[in-house]
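Heads up: the sequence lines are chains A and B, in that order.
With our numbering, the residue at position 115 of the first sequence is 116, and numbering never jumps.
With our numbering, the residue at position 76 of the second sequence is 98, and numbering never jumps.
One or more of the hints may lead you astray.
[To be verified] Heads up, simulated BS3-like pairs for lysine-lysine below, C-alpha to C-alpha not over 25 Å straight-line:
(1) A:Lys90 - A:Lys171
(2) B:Lys73 - A:Lys90
(3) A:Lys90 - B:Lys62
(4) A:Lys170 - A:Lys99
Since the hints were made in silico from the structure, they are not lab data.
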Amino acid sequence: MTDSHAAPAAVPVDPHVGAATGGKVAMWLFIAQDGMSFGGLLLAYGILRVTAGDWPVPEALLGINLTAIATFILICSSVSMVFAVDAAKNRDQGGLVKWLMWTIVGGISFLGIQYYEYSHLHDIGITLTSTVHEGVVQNPLFGATFYAVTGFHGLHVLSGVIYLICILKKATTGAYTAGGISHSPVELVGLFWHFVDLVWILVFTFIYLL
Amino acid sequence: MSGSSPHAHPIDQKSTAKQKYIQIFLILTFLTVIEVFVPKVYSAEWNQNTKMLLLVILASAKALLVAMHFMHLDHEKTWVKYIAATPIYMGIFAILLMLESVYR
Chain A
2 MTDSHAAPAA
12 VPVDPHVGAA
22 TGGKVAMWLF
32 IAQDGMSFGG
42 LLLAYGILRV
52 TAGDWPVPEA
62 LLGINLTAIA
72 TFILICSSVS
82 MVFAVDAAKN
92 RDQGGLVKWL
102 MWTIVGGISF
112 LGIQYYEYSH
122 LHDIGITLTS
132 TVHEGVVQNP
142 LFGATFYAVT
152 GFHGLHVLSG
162 VIYLICILKK
172 ATTGAYTAGG
182 ISHSPVELVG
192 LFWHFVDLVW
202 ILVFTFIYLL
Chain B
23 MSGSSPHAHP
33 IDQKSTAKQK
43 YIQIFLILTF
53 LTVIEVFVPK
63 VYSAEWNQNT
73 KMLLLVILAS
83 AKALLVAMHF
93 MHLDHEKTWV
103 KYIAATPIYM
113 GIFAILLMLE
123 SVYR
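Full structure from sequences and hints, please.
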């Protein structure tokens, strides 16, 4: 941590990864392996669904419109995040704090919608172990896979919000905008947050729309 | 890029970057709206393959836009792109396994 704050210009240009810092390469490696974790879950979902035969139509059970709003909120938070990274690059302290706060608001709103959705689905009979729609018992794996995939993503949003709050706390002290100090930690949290958005784009398609 | 011009003003560069992000945001929003309507338009049983193909193309386009422009993968060297592309192999594996399940 100390090195990245001391001299951002000292990062050597590597023939393979260019001027990407060690932190950035590590974050990309983390994102790649985390992407494969999501891939594993979606793969299991796909195989279970294709081989089940009596899979319910997701659109009939899940609230597509509400989830589309949640998707829109996550896209908005990705834009505010990219503005925050830009503000950090331009040493704009006010802009950095403002856009980080909007990103956190977006993340918390998404989690609020997910909480509302989960409680509603639980009330109508879609739980981790059973799927009942309008009194008709359906394939229980629908509920199990739905909560497993969206819950795993929700935990990523939650950890992203916590990560963002930690970065915001330091940003308010000018830790990333003072002259000669690297803004790399803001870029790294940005990468993680965009990844969370990117994964949701795929989860929204595969779990809700298909 | 305007940034390469010796006369480019830093404020111009900043507003160009912001414009680009807003353009990407508008495209993502537009594609999301289309996505929501696809299952409604292609709800018939005989339309399911078209629906699946359209939704996968739309989701892939959105994911690519986020990776390239928000995660700045377009500015990274090839090896960083290779690392980022690793999970795509998972997708290929998924397609192969599903095909095997269907045509077993």
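Against the structure, the hints:
1. A:Lys90 - A:Lys171: holds, 16 Å
2. B:Lys73 - A:Lys90: With a Cα-Cα distance of about 42 Å, the restraint between B:Lys73 and A:Lys90 is violated, given a limit of 25 Å.
3. A:Lys90 - B:Lys62: With Cα atoms ~43 Å apart, A:Lys90 and B:Lys62 exceed 25 Å; violated.
4. A:Lys170 - A:Lys99: Satisfied, since the Cα-Cα distance of roughly 12 Å is no more than 25 Å.
Checked against the numbered hints given earlier, this structure breaks hints 2 and 3; the rest are met.
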